[in-house]
Structure formats: structure tokens, C-alpha cells
Amino acid sequence: MAIDTQAMNDLFAVPGKVAIVTGAGSGIGEATAHLFSKAGAKVVIADLVQEDGQRVADAIVAEGGEAIAVACDVSEEPQVKAMVAKARETFGGIDILVNNAAYRPKADFFDMSVADWDKMHAVNTRGTFLCMREVIKVMRDQGKERGGAIVNISTIGTALPTIVNNVHYDSSKAGINSITKSTASEFAVDGIRINAVMPGGVDTGGSRKMQNDPSRNFVPKGPVMMPGRLLLGIAHPIQLASAILFLASPASSYMTGHIMAVDGGYLVG
Amino acid sequence: MTTDFQAHVAPMFDLNGKVALITGGAVGMGKATGLILAAAGARVVLADDGGRIAALADLPPGVEARTCDITCESAIRALVTDIIADHGGIDILVNGAVVNHNKPVLETSVEEWDSVQAINLRGAFIATREAVPSMQARGGGRIINITTMGSVHPVLHGNGAYSASRAGLNQFTRNCALDFAKDGITANAILPGAIITETISSGFRPTGPGADPARHLGGFGQVDDMTGLALLLASPAGRFITGQLIAVDGGFLIS
Chain X
1 MAIDTQAMND
11 LFAVPGKVAI
21 VTGAGSGIGE
31 ATAHLFSKAG
41 AKVVIADLVQ
51 EDGQRVADAI
61 VAEGGEAIAV
71 ACDVSEEPQV
81 KAMVAKARET
91 FGGIDILVNN
101 AAYRPKADFF
111 DMSVADWDKM
121 HAVNTRGTFL
131 CMREVIKVMR
141 DQGKERGGAI
151 VNISTIGTAL
161 PTIVNNVHYD
171 SSKAGINSIT
181 KSTASEFAVD
191 GIRINAVMPG
201 GVDTGGSRKM
211 QNDPSRNFVP
221 KGPVMMPGRL
231 LLGIAHPIQL
241 ASAILFLASP
251 ASSYMTGHIM
261 AVDGGYLVG
Chain G
1 MTTDFQAHVA
11 PMFDLNGKVA
21 LITGGAVGMG
31 KATGLILAAA
41 GARVVLADDG
51 GRIAALADLP
61 PGVEARTCDI
71 TCESAIRALV
81 TDIIADHGGI
91 DILVNGAVVN
101 HNKPVLETSV
111 EEWDSVQAIN
121 LRGAFIATRE
131 AVPSMQARGG
141 GRIINITTMG
151 SVHPVLHGNG
161 AYSASRAGLN
171 QFTRNCALDF
181 AKDGITANAI
191 LPGAIITETI
201 SSGFRPTGPG
211 ADPARHLGGF
221 GQVDDMTGLA
231 LLLASPAGRF
241 ITGQLIAVDG
251 GFLIS
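Protein chains in written order, with UniProt numbering: chain X, 1 to 269; chain G, 1 to 255.
For the record, the hints were derived by calculation from the structure and aren't laboratory data.
Because the structure is a prediction, the values reported are computed rather than measured.
Treat the hints with care, as some may be off.
Unchecked claim - On the chain G side, residues computed to face chain X include the following (Cβ under 7 Å):
| no. | residue |
| --- | --- |
| 1 | ASN16 |
| 2 | ASN102 |
| 3 | GLY158 |
| 4 | PRO213 |
| 5 | ALA214 |
| 6 | HIS216 |
| 7 | LEU217 |
| 8 | THR242 |
| 9 | GLN244 |
As the list claims (entries may be wrong) - Under the rule of at most 30 Å between Cα atoms (straight-line distance), these lysine-lysine pairs were calculated in the DSS-like manner:
| no. | chain 1 | residue 1 | chain 2 | residue 2 |
| --- | --- | --- | --- | --- |
| 10 | X | LYS221 | G | LYS103 |
| 11 | X | LYS209 | X | LYS221 |
| 12 | X | LYS209 | G | LYS182 |
| 13 | X | LYS137 | X | LYS181 |
| 14 | X | LYS181 | X | LYS86 |
| 15 | X | LYS181 | X | LYS144 |
By construction, the Cβ of each residue, glycine as well, lies at the ideal position given by its N, Cα and C atoms.
Produce the complete structure using the sequences and hints provided.
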């Protein structure tokens with residue numbers, strides 16, 4: 001049977017929508033930005049590393065899409081405000097926000113300094129809050145009819161421990177789960193849907209760097225390292241991007257406040 | 001529609017060459033799921049009881065209807081055997097058959113309890129047991145169980161037997177995800193919220209948390225509100241999602 005592309009388009013396309021993806025200079029964020037562009041969105045590539053973001057934006061433009069790169073440390077309030085203003089000014093509004101930027105270095109529990117703890121929570125939790133606060137202002141002002149969709153990136157480590165030296169990371173992401181539900185409840189009235197994705201193991205440059213850079217205190221110890229726990233293995237970033245597009249698209253128009261695992265079965269393994 | 005969408009996004013949801021069996025497929029969410037899987041290119045068999053099948057009309061190309069008593073082991077086995085004979089196998093099983101007597105626990109007879117479990121849980125077990133060997137032989141497959149948000153949070157009074165059967169199906173889903181991951185088969189449950197279907201009688205006057213419109217942040221849903229998720233779970237795009245209970249509830253569970 002031939003596929004009815006119009007039916008697929010009605011569900012999963014985001015034509016003309018303006019999407020901010022933080023941490024889009026690599027990994028899951030990069031795959032998401034590319035997929036959003038293929039699905040018709042204008043994409044704002046917000047990344048801490050200017051050259052990474054620019055490389056992704058250039059690639060999207062070279063393929064005929066619309067994208068800009070904005071350097072942004074999401075833990076810094078003025079930078080978030082400037083990034084959101086730039087998105088609005090360039091594309092005339094904001095329809096989708098993906099809070100994907102994350103700080104990841106591990107730390108031994110007893111050696112974990114207050115600075116380690118605070119840095120983690122500043123980027124992951126405060127950064128998500130700041131981006132949401134600034135974007136939801138814009139979405140709310142655009143009116144309920146236009147509404148908006150926000151997808152936060154959490155981790156399966158918030159539901160079940162995965163690896164040692166990760167107390168600060170998992171707690172920061174559990175905070176994101178809570179922010180997701182609280183804001184979903186509060187802003188449903190404005191037509192803004194807010195959901196989260198919990199990735200399991202994903203093969204990204206960041207995860208390879210994590211495992212190969214001794215300064216990041218990665219120790220291969222914990223439930224996720226047990227053979228067979230990742231029932232379907234390790235994901236390619238596109239598999240996360242697919243779920244993120246789903247949660248940003250009309251296909252999920254009746255979903256809000258949901259935390260969806262895309263983990264290849266870790267949580268049942 | 002952009003050419004980029006056609007070239008790069010639509011193929012992620014392409015079910016061309018796949019065969020899907022939908023129980024409870026003649027009405028409501030089962031039927032809607034069958035139609036979207038067909039739109040994605042699958043060959044779809046809608047299975048339901050005789051009366052409902054007889055009432056079906058104007059099915060699109062690639063969609064067919066077959067009678068099956070979901071409480072009858074031999075009938076389910078025959079249905080699966082026939083589909084495999086006619087179409088070569090089964091790749092996608094949607095367990096959508098459901099009944100809800102909506103009766104207070106104190107007034108529920110053992111026969112009523114058993115009939116709810118027979119359709120809502122035992123039927124899904126039998127259909128899964130019969131269909132999975134074909135998925136294994138074909139190198140993978142998808143099990144999609146339609147349960148309810150009432151399986152994780154009480155919604156209406158008088159739903160004890162129904163919600164218990166659906167909670168059972170949730171955990172059956174998770175165990176299937178574990179058991180069949182090695183075969184490339186995923187298993188997930190969709191937990192619909194207040195989605196209006198034709199099977200809700202017009203005289204039904206529900207009470208309980210779900211009867212308060214304020215609890216449904218996104219209002220009441222339509223059957224098409226859950227078809228996007230069903231397609232995601234059935235398609236190449238959803239192949240890394242397994243063992244999940246996914247609410248399509250307009251925010252009820254956070255209200």
C-alpha cells in the first residue's frame with residue numbers, strides 16, 4: 001500500500017513553525033534541529049559553543065532550510081533573554097522550544113563540590129526554567145490559538161538509577177520532570193503543551209567524550225552497565241529526535257505533562 | 001507539503017508491506033488506529049464482533065473487517081491463522097477490544113467481573129500469544145495495547161473491574177516488552193483520557209474525578225487525538241520505545 005503522505009504531513013509536519021533547540025550544536029539536539037527543518041520548521045540553534053551551533057545552522061541552510069545559530073549559555077539569564085529576543089526578531093515568533101542543553105560531567109559523591117553541584121543545577125534546571133520563562137511569555141502573548149509546544153529532555157536516571165557519580169545530574173533532571181508537569185498544568189489554559197522525553201543510552205559525541213575523558217569522572221559502574229539491561233541496545237540520536245518531533249507536532253495535540261521514556265526498554269529490563 | 005517532508009520525514013512512518021491486526025477494530029479508537037496505520041501504508045485487518053463488523057461501511061483500500069469473538073481462544077487462533085494465510089504474517093497487533101460495565105464494586109457479580117477480564121485482559125493475552133510467533137519469524141513487530149488513564153489514577157466511580165483489567169494489561173505490556181525485545185518486538189500501552197467515542201452511551205452520567213471538566217486541562221478529546229501516538233509506536237520512528245505506558249489524556253494525570 002502506498003503511504004498517504006498528506007495524512008502523515010497533517011500529523012507530523014510543523015510547517016512554518018519557529019523552533020528553538022538548545023544544545024543543538026551536537027548529539028540529540030543536532031539531530032532534532034535537522035529533523036525539525038525537514039518537517040518544515042525554522043530553527044534557532046542555541047548552543048554554548050558558537051562554532052558548533054553555526055556548523056549545524058549552516059548545514060541546514062545548505063540543505064534549503066531556514067536556521068540561525070545563537071551562542072547561548074542557558075544558565076545565564078541575560079544570554080537566554082538575548083537568545084529568545086533574537087529568535088523572535090528573526091522569525092517573528094516562537095512555537096516550539098526544546099530544552100536539550102545539558103551539563104554532564106560526573107562527580108564522585110564524596111568529592112562532589114558545591115561548585116560541581118551548583119554548575120549542574122545552573123545549566124540543567126535553572127537553564128530549563130529560564131528558557132521556558134522567556135519563551136512562554138512570548139507564546140502566551142501570541143495567543144491561545146497559536147499556542148506552543150515545549151519538549152524538555154530529561155533522563156531515565158530520574159526514574160531508575162543508571163550509573164555512579166551522577167547524583168547531581170539525575171537530581172537536576174528530576175527537577176526538569178517536575179518543572180514539566182507544573183508548567184503543563186499552569187499553562188494548558190494558554191494552549192501551551194509541555195512534555196518531556198527521558199532518553200536511555202544514546203550514541204552521541206557527548207557520550208563518547210564522557211567515556212573517554214578522564215576529567216569527567218566517568219566510571220562504568222551502575223545498573224545501566226549490567227549486560228542486557230538496555231534491551232534494544234543504544235539509540236541513534238534520530239530515534240530521540242523522532243519522539244521530540246512527535247511531542248512538538250499536531251500528532252500529540254492531546255498530550256501534556258507526560259514524561260516519555262525513549263530508552264530501548266531499560267526501565268523494564 | 002514540502003518535498004523535504006515527503007523525502008525525509010514521511011518515510012519514518014512508512015508501514016508499506018506491514019500487516020496490522022486491530023482487535024476491537026470496528027469502532028472508536030481501534031477503528032481510528034486501523035485507519036491511520038492504513039494511511040501509513042499497512043494492510044489492516046479490523047477484527048470485532050459480528051454486529052459491529054456488519055455495521056462497518058466504506059472501508060478504504062487495504063482495510064478489511066473480520067469477525068472474531070475476543071473471548072474465544074479458538075476464534076482468535078483461527079483469525080490469526082487466516083490472516084497469516086492471506087497476507088503472509090502479522091507485524092503489528094493492536095489490542096483494542098474493550099468492555100466497561102461501569103458498575104459499583106458492591107453490585108458487580110463474579111460473572112460480570114470475569115467477562116470484563118475476559119475481553120479486556122485475557123483476550124489481549126491470547127491475541128498476543130497467537131500473533132507474536134509471526135512477528136518473531138518476520139524479524140520484529142509491534143504490540144500496542146489501548147488501556148486507559150484510569151489504570152493509573154481513578155477516573156470514574158464504578159470502574160473497579162474495568163480499571164483493574166486495564167492495569168493488568170499495562171503490566172502485561174511491560175512484561176511483553178521484556179520478553180520479546182530479543183526478537184525486535186516492542187510493546188507499549190496507550191492510556192487515553194477523556195476521548196469521546198461512539199460507544200459511550202448518550203444516557204451515561206458519570207461521577208468521580210473525571211466527571212469534573214476542570215480536571216481535563218485540554219478539554220475532551222476525539223479519537224483522532226490518539227492516532228498519532230499509535231502510528232509513532234507502530235512505525236520505524238518509534239522502534240526504540242518499548243515498555244512504556246503513554247498517556248494521551250489532555251493533562252488529566254497532572255490535574
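Structure-based check of all given hints:
1. ASN16: 6 Å, holds
2. ASN102: Since chain X brings no Cβ nearer than about 23 Å to G/ASN102, farther than 7 Å, the hint is violated.
3. GLY158: 24 Å, violated
4. PRO213: 13 Å, violated
5. ALA214: 11 Å, violated
6. HIS216: Interface hint status for G/HIS216: violated (9 Å vs cutoff 7 Å).
7. LEU217: 4 Å, holds
8. THR242: 4 Å, holds
9. GLN244: Hint on G/GLN244: holds, closest Cβ of chain X at ~6 Å, below 7 Å.
10. X/LYS221 <-> G/LYS103: Between X/LYS221 and G/LYS103 the Cα gap is close to 51 Å, so the pair fails against 30 Å, i.e. violated.
11. X/LYS209 <-> X/LYS221: 17 Å, holds
12. X/LYS209 <-> G/LYS182: 29 Å, holds
13. X/LYS137 <-> X/LYS181: 18 Å, holds
14. X/LYS181 <-> X/LYS86: Cα-Cα ~28 Å, so holds.
15. X/LYS181 <-> X/LYS144: Between X/LYS181 and X/LYS144 the Cα gap is close to 19 Å, so the pair holds against 30 Å.
Checked against the numbered hints above, the structure violates hints 2, 3, 4, 5, 6, 10; every other hint is satisfied.
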